[in-house]
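> Sequence:
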Amino acid sequence: GFSAVVTEIATLTTKGIFNPANFFSYFTIETNIFVVVVLLISAVLTAAKKNDKIAALRSAATVFIVIVGIGFAVLLSGIKDAAFTAVPWDNIVLHYIMPVAVLVDYLIDRPRHKLSFKRNVPWLLVPVVYTAYSLVRGSFVGWYPYPFLNPTVQSYTSIFVTVFGLLLLGLALTWLTCKLSGKK
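Numbering-wise (this note's numbering), the sequence shown opens with residue 628 and increments by one.
If you're looking for bench data, these hints aren't it; they were derived computationally from the structure.
Any given hint could be a false lead.
[What the hints assert, rightly or not] Have a look at the derived ranges for each label pair, beta carbon to beta carbon: (1) 767 to 671: 33 to 41 Å; (2) 748 to 723: 38 to 46 Å; (3) 701 to 643: 30 to 38 Å; (4) 752 to 629: 21 to 29 Å; (5) 638 to 664: 39 to 47 Å.
[Claimed, not checked] No farther apart than 25 Å at their CA atoms in a straight line, the calculated lysine to aspartate or glutamate pairs in the DMTMM-like style are these: (6) 642 to 732; (7) 680 to 732; (8) 642 to 657; (9) 677 to 732; (10) 741 to 679; (11) 806 to 732; (12) 745 to 679; (13) 680 to 736; (14) 680 to 657; (15) 642 to 679; (16) 677 to 736; (17) 745 to 732; (18) 806 to 679; (19) 806 to 736.
For each residue, glycine too, the CB sits at the ideal point set by N, CA and C.
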């Protein structure tokens, strides 16, 4: 995940088209960076036998990256003639491999202590705030990270329905990660 993000930055910079504000405004990029940080912290804490200290963050990272994978597959993968990444293999890593790898990691190394659904649901404010940020920023700069968040392409009703669907997916995934925690 980290190598794909770095490769994207390097390739876009070499081509002279790297726009940091736009690049770091993709939920895919933000989430992959978050996942890398959480996995690194988790590795350190696992070595110290304190992995449960990061269980809620691992759950949130898993939920966010699975939303990225499913969201891409459902909402973006069928768009023809779209270059989602500067390097084709980055697209596969960021949208397919990382979601599957993080989900498998969570399933194999589930938190020992039960996670509270009620305490983990507030993490879903992150994608809600992200959506608000994307819409407000887009209205000022004329650029939206995804077609399904672009009011010049979709109506606000359509945007709301899509985001609501992704939020329901997030709720279901949060419930699932909590349900799977507390292995015996």
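> Can you name, in rising order, the numbers of the hints this structure does not satisfy?
As far as the earlier hints go, 2, 5, 6 and 15 are violated by this structure, in ascending order.
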